[in-house]
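Position chain B against the provided structure of chain A, taking the given hints into account.
So the protein lines, in turn, are chains A and B. Quick note, the first sequence lines up with residues 18 to 315 if you use this note's numbering. Quick note, the second sequence lines up with residues 18 to 315 if you use this note's numbering.
For the record, the hints were derived by calculation from the structure and aren't laboratory data. The C-beta atom is built at its ideal place from N, Cα and C for all residues, glycine as well.
Okay, derived cross-link-like pairs now, BS3-like style, lysine-lysine, Cα gap no bigger than 25 angstroms in a straight line:
#1 B:Lys310 to A:Lys273
#2 A:Lys243 to B:Lys230
#3 A:Lys121 to A:Lys59
#4 A:Lys310 to B:Lys304
#5 B:Lys243 to B:Lys304
#6 A:Lys262 to A:Lys304
#7 B:Lys269 to A:Lys273
#8 A:Lys228 to B:Lys304
Facing chain A, a subset of chain B residues (Cβ under 7 angstroms, in silico):
#9 Ser198
#10 His231
#11 Ser235
#12 Ile276
There are 2 protein chains.
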Amino acid sequence: MIDTIILGTIALDSIETPSGKVTDALGGSAAYAAYACSFFTKPGVISIIGEDFPKNHWQLLEKQMDLTGVEKKGKTFRWSGLYEHNLNTAKTLRTELNCLTELKPKLSQEYRKAKYVFLGNTDPEIQLAVFKQLDDPELVVLDSMNLWIQNKKTELLEMIGKTDVLLLNHDEACQLFETTSLVNAAQKALSLGPTAIVIKKGEHGSLLFTKDKHFSASAYPLELVKDPTGCGDCFGGAFVGYLAKTKDTSEKNMRKAIIYGSVIASFNAEDFSIYEMQKLSQNEIQKRYEEIKEMKTF
Amino acid sequence: MIDTIILGTIALDSIETPSGKVTDALGGSAAYAAYACSFFTKPGVISIIGEDFPKNHWQLLEKQMDLTGVEKKGKTFRWSGLYEHNLNTAKTLRTELNCLTELKPKLSQEYRKAKYVFLGNTDPEIQLAVFKQLDDPELVVLDSMNLWIQNKKTELLEMIGKTDVLLLNHDEACQLFETTSLVNAAQKALSLGPTAIVIKKGEHGSLLFTKDKHFSASAYPLELVKDPTGCGDCFGGAFVGYLAKTKDTSEKNMRKAIIYGSVIASFNAEDFSIYEMQKLSQNEIQKRYEEIKEMKTF
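Bound conformation, chain A alone (with noise of 0.2 angstroms):
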């Protein structure tokens, strides 16, 4: 049975960094995203690949998920990004939509049944397309980015009335509603209809704003940041599958969830596409858990 679904975005990724580069490297939300969720639970995904996918992507994608939401046509979805000195902001080179433009998601019967639902980050339209489909959701997370603020905000506030948990990163949440002020922002977020908003604030680490409690996360401190490509979607997936799994959707579990969120992302910013997440163990997760434990006491 698939109790959790992830919609995003499956993409070919050339990026640069000063620590190195890679070509056609598995990427795109849902890869990074359900990956992560797939420590806690395994999701379906619902997304979009061309014929040229390469097979040892699709087999390392099929051993943790459940593809059966992936729609194959034409050419896959690429991205190219240059990331310079500053770690934070990728400077694309080059998006390639190709497939991208012909997902219209059909959900199984059993996707539509799924309690715990992700939408990551991909056009509004979809994501509100998706949403339509389901049942009778216990929880549905919301992701998206500057681009869909600045052309599609319209469907973007009305698929945020939807939403229980809202995620944004700190420069998307002042965009989106127009303020310097992150506790402003999440107050008008709030005002919306989601009962939690978690602001995303990379090596910063993250805050969950509910109506009357306020919550703020440590990111892990890295030492080098290989690849910061796909974290916020890494805490997103890892976010949701906590949920998923512990079946509890209270804010004081939703505390936990971020922490093994930032647990997660600070992983897979230590190298390139998903491979720090592929050797990764139960147990070194747990105890990095408990390091922000004992990095927070005081």
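Coordinates of chain B only, in the frame set by chain A:
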């Protein structure tokens, strides 16, 4: 008996932020730090002011601290700055050093015996001159800024070698140690002699690095930052004040001192000059300390 002394500037600040402006308001690293420290223990101040220093400013300070170490000569140091939309960085409009160039501290017998010493942000040559007059300090805490990293790096590095706890903000740490990794910067700083490095990250909190431990502190989330001037100084002053009050410089107690530093800095940011600290009660400090504790629990 004065067990804590604080070196730094006393200034007349003219500041404009999106929330308003003030002219010739009480400012300077020693004024902020010593006022913040005074919530925990009464500090002695080493600084210099001009003959033109307003009497009401003097009276405000005198209530909270020992001013026998403050010289009077010529015209008071003036700084004028502008914060635009992004409150993280001030644009310096004008600096009049005035009497500041005349500061050649001679410590009284009482001050020489101080056990807890905060060498606040000022010329590292003056910090070294004060350090050399100390009898047998228990704890020396050092703050600095980009100006001295650029212009007096040799003297600053010498001073860091004599320091127990080094405070630096995020960008300064990266600049001084020529790295983009804070973990790396902290390791380099520790190799120079200090037993602890505190990286101040403003709204993102702060990090404490010691040889084998790491502590990550959240900043208190403010809806409105009116004026961030002096927050780093307040952080340092409260940090030293709490350690002096509790007479415990263990890593464990430094964690608490950092949270008290964050608490006082967060109040300071809520208004111009020391206006907010003037109104602050022990109850309010303790309440916000507990709130931060709750914010970090998972």
